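Each chain, letter by letter, is given below.
There are 2 protein chains.
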Amino acid sequence: MAKGASLSGFPEWLPEERVVEQQAIDTLRRIFELNGFLGIETRAVEQGSSLLKKGETSKEIYLLSRLQEVGQENDTPVEDRLGLHFDLTVPLSRYVVEHSGDVAFPFKRWQIQKVWRGERPQEGRFREFIQADIDVVGNGDLPSHYEVELPLVMVSALEALRAFGLPKATVHANNRKLSEGFYRGLGLDDIEGVLREIDKLDKIGADEVSKLLISECGATEAQAKACLELAELSASTGEELEREFRALCAKHGIEESSDAYALAAEGLATLAMIVDEAARIRPGSVVADLKIARGLDYYTGSVYETFLDGAASLGSICSGGRYDNLATQGKKKYPGVGLSIGLSRLVSYMLHTAGAHANRQSPAAVLVAVWNEEERGEANRIAEALRSRGIATDVAPTAAKLGKQIKYADKLGIPYVWFPGREGAGDEVKNIITGDQEAADRTSWQPDTVYSRQTVEYGD
Amino acid sequence: MAKGASLSGFPEWLPEERVVEQQAIDTLRRIFELNGFLGIETRAVEQGSSLLKKGETSKEIYLLSRLQEVGQENDTPVEDRLGLHFDLTVPLSRYVVEHSGDVAFPFKRWQIQKVWRGERPQEGRFREFIQADIDVVGNGDLPSHYEVELPLVMVSALEALRAFGLPKATVHANNRKLSEGFYRGLGLDDIEGVLREIDKLDKIGADEVSKLLISECGATEAQAKACLELAELSASTGEELEREFRALCAKHGIEESSDAYALAAEGLATLAMIVDEAARIRPGSVVADLKIARGLDYYTGSVYETFLDGAASLGSICSGGRYDNLATQGKKKYPGVGLSIGLSRLVSYMLHTAGAHANRQSPAAVLVAVWNEEERGEANRIAEALRSRGIATDVAPTAAKLGKQIKYADKLGIPYVWFPGREGAGDEVKNIITGDQEAADRTSWQPDTVYSRQTVEYGD
Chain A
1 MAKGASLSGF PEWLPEERVV EQQAIDTLRR IFELNGFLGI ETRAVEQGSS
51 LLKKGETSKE IYLLSRLQEV GQENDTPVED RLGLHFDLTV PLSRYVVEHS
101 GDVAFPFKRW QIQKVWRGER PQEGRFREFI QADIDVVGNG DLPSHYEVEL
151 PLVMVSALEA LRAFGLPKAT VHANNRKLSE GFYRGLGLDD IEGVLREIDK
201 LDKIGADEVS KLLISECGAT EAQAKACLEL AELSASTGEE LEREFRALCA
251 KHGIEESSDA YALAAEGLAT LAMIVDEAAR IRPGSVVADL KIARGLDYYT
301 GSVYETFLDG AASLGSICSG GRYDNLATQG KKKYPGVGLS IGLSRLVSYM
351 LHTAGAHANR QSPAAVLVAV WNEEERGEAN RIAEALRSRG IATDVAPTAA
401 KLGKQIKYAD KLGIPYVWFP GREGAGDEVK NIITGDQEAA DRTSWQPDTV
451 YSRQTVEYGD
Chain B
1 MAKGASLSGF PEWLPEERVV EQQAIDTLRR IFELNGFLGI ETRAVEQGSS
51 LLKKGETSKE IYLLSRLQEV GQENDTPVED RLGLHFDLTV PLSRYVVEHS
101 GDVAFPFKRW QIQKVWRGER PQEGRFREFI QADIDVVGNG DLPSHYEVEL
151 PLVMVSALEA LRAFGLPKAT VHANNRKLSE GFYRGLGLDD IEGVLREIDK
201 LDKIGADEVS KLLISECGAT EAQAKACLEL AELSASTGEE LEREFRALCA
251 KHGIEESSDA YALAAEGLAT LAMIVDEAAR IRPGSVVADL KIARGLDYYT
301 GSVYETFLDG AASLGSICSG GRYDNLATQG KKKYPGVGLS IGLSRLVSYM
351 LHTAGAHANR QSPAAVLVAV WNEEERGEAN RIAEALRSRG IATDVAPTAA
401 KLGKQIKYAD KLGIPYVWFP GREGAGDEVK NIITGDQEAA DRTSWQPDTV
451 YSRQTVEYGD
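Just so you know, the protein sequences line up as chains A and B, in that order.
Residue numbering for the first sequence follows our numbering, beginning at 1 and increasing consecutively.
Residue numbering for the second sequence follows our numbering, beginning at 1 and increasing consecutively.
Derived from the structure by calculation, the hints contain no laboratory data.
This structure is a prediction, so every number in the text was calculated from the model and none was measured.
Glycine included, C-beta positions come from ideal geometry on N, C-alpha and C.
You may find that some hints are simply not true.
Unchecked claim - Covered stretches of chain B, as calculated for chain A (at least 3 residues, CB under 8 angstroms):
1) 21-33
2) 60-70
3) 76-84
4) 183-197
When you get a sec, could you build the whole thing from the sequences and use the hints?
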């Protein structure tokens, strides 16, 4: 939890910690734009009816009421009240439908915004946090190659965040069609039920899941065993995936001519394409992992979860999938595929586990000293001259003793202190880290590159 | 109001409009950091008790309730409930007190975030909007030169926003001590009452204000007239301000030896310093305007409002002042001075009045064409090569006819279409705006500067 989070679940950073978060956001935005995604920002507020549509998380909504309505909130049904969005997918669906005449399809968008979850205060989870999402939404249809490309964009974004101390990320991909085809081939019908139980594997283990499959989803012991065998399957090439999947189907009597197999084969082809293309562009970044189920039931094709090496306790830090039916307008569908990074948790990891830190608190590279208040105007003029050339500059708060002014610069991590020339002498500038002092011209002096900008480092 | 704002008061922009807002935010951040301000972000949520502290706007708060608490909201007193912040000053006060041991004072911070006001839906005002604030907060005391510098930082920020079509901005400054000293010198005691009525001048005119001063604040006709004369006073140099103010005091029998005059003189000195220093650095950017009163009663020194040439209907677009008593911790005070830009209204002006627009919808400079789906991998490789050199690149969504692919680029405003070489021929790239086509090497080609980045222009 963030230091100084005075309200449980609402993280807040110190200025030097915020530099890490801000630069992480800048980095994600840069990668998303480099890949041709358009940035949007949606309002924080949605109608209750939109928020309630999407099963699982609906329990965790914050509803709003105007102070002047206190006491009469319940005159309005929840569906007609306003609530804070709990993710960026529901707002995207609404946005796309509302603006379908104004955006170009397929619509590739990035969005980095806060979301809110009305969790119980004692759970110790974030109730306000930043999500960073990319999605591609088609008008009517959406080519499956986006199911290959989107996780790869996220891989390159997470790769860029390694500069902030994140370990290597691996995307684990599966495909709902593959799972569904296999389960149907076994003779199981409650597909959503089976997926829901399989999703619990990491939490409760194979034995418990097996029991639940039998008690909750009407599976026989043999069917439950087969489901668990599928979940154990993983592969890093399409060829390996296909070979193992076929063997498993053969073992359980699922014929390749069956409708069930045909459905599975669709998912298999997409999943094979994902791992093979990923292996070409970034070897080792994406694996097929057939236990990935994802809780939410709106996914219809690929599903993804992402884990960091050596940070299993964080769980999946970037998840998503393909959804064909989330956004609709009459008969028209807007199928999409997208992934979402839970950024606040990552920033917390960067700060508290990886030791990420800003090289300095202040963006200023220079503090101009002030000999006395009468000469503050001259100090301001020097600051203006430096700023006009893009050099971030602060001016000493008071005309205190020089030692005190230098201490102020030191506390903020400002590397240079500028001494205005007096009585005909020229200006001088001192690097208070190296101790070097030199004559300097306010119209041409440049800070050393290493001291010119606020940057983020990690480690101790 | 924003096009497509499907919920009244909650503006939402199209992707190409969002580019304008995003670059305006980037510009403000750049100027704030250039001036040595530290960026922070506070949680969107504050305790009801904090939100209710600050008089005037307290009517307009959105309170939160967890969905699971619906029906029991009123078991909790409003003070103990959570609400969305309605400005960035209340959160700053809390933040400074909470982290007083961790930040360097004077604490100079910028903050650009959404705020919410629970206005009546029918009022047609923004209920969610972005504010951009700078403040300096001292520990115990705060030198008055910050009352000079902060409006000048905002002037340079607003100057930078002229690239987005904003007209020239002028800060109108006054000082509460000057007004209070003058009113007390006249024999008036209800200082807050007089300020509140004077603040209505632009809305209801001098005659009505005069009546209110008499009926509400116990003023005689002569006192009311004197208050209005003070409000008429404006000056662009300290010398002019001082001369006119002295003449007015003499006229109304306020002696320079009185306590009331001494109080006014303090405010006069700061205000004179503001206009004179502003005139040196940016002539014409700041004027003394003694009718500026500001509704909020927590200001204790300088107060500012900012108007755009020829956009009087917007009202003040950047306001603030000095507050000595907002943040306290036991006996300790954290006096501050700050200004706040209502950014969403400015963006609305840029878009709908000034004609600000992005040069293109997509951040991508290049769209790589796809001859057929089998060759998509090669197109991806080209895109990767360009991105690795910082060139934002998209890949055609389908292997449609070339004309259709070019049309997709055109719709997104992507200036270049890249044709992968086939059968031993090299790659070519076409600028679809100029029609120029040339051989191109994916490892060295650069777009023309004018087409390399998403930029904002204004006018028709």
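Against the structure, the hints:
1. 21-33: holds (count 3)
2. 60-70: holds (count 10)
3. 76-84: holds (count 4)
4. 183-197: violated (count 0)
In this structure, only the earlier hint numbered 4 is contradicted, and the remaining ones agree with it.
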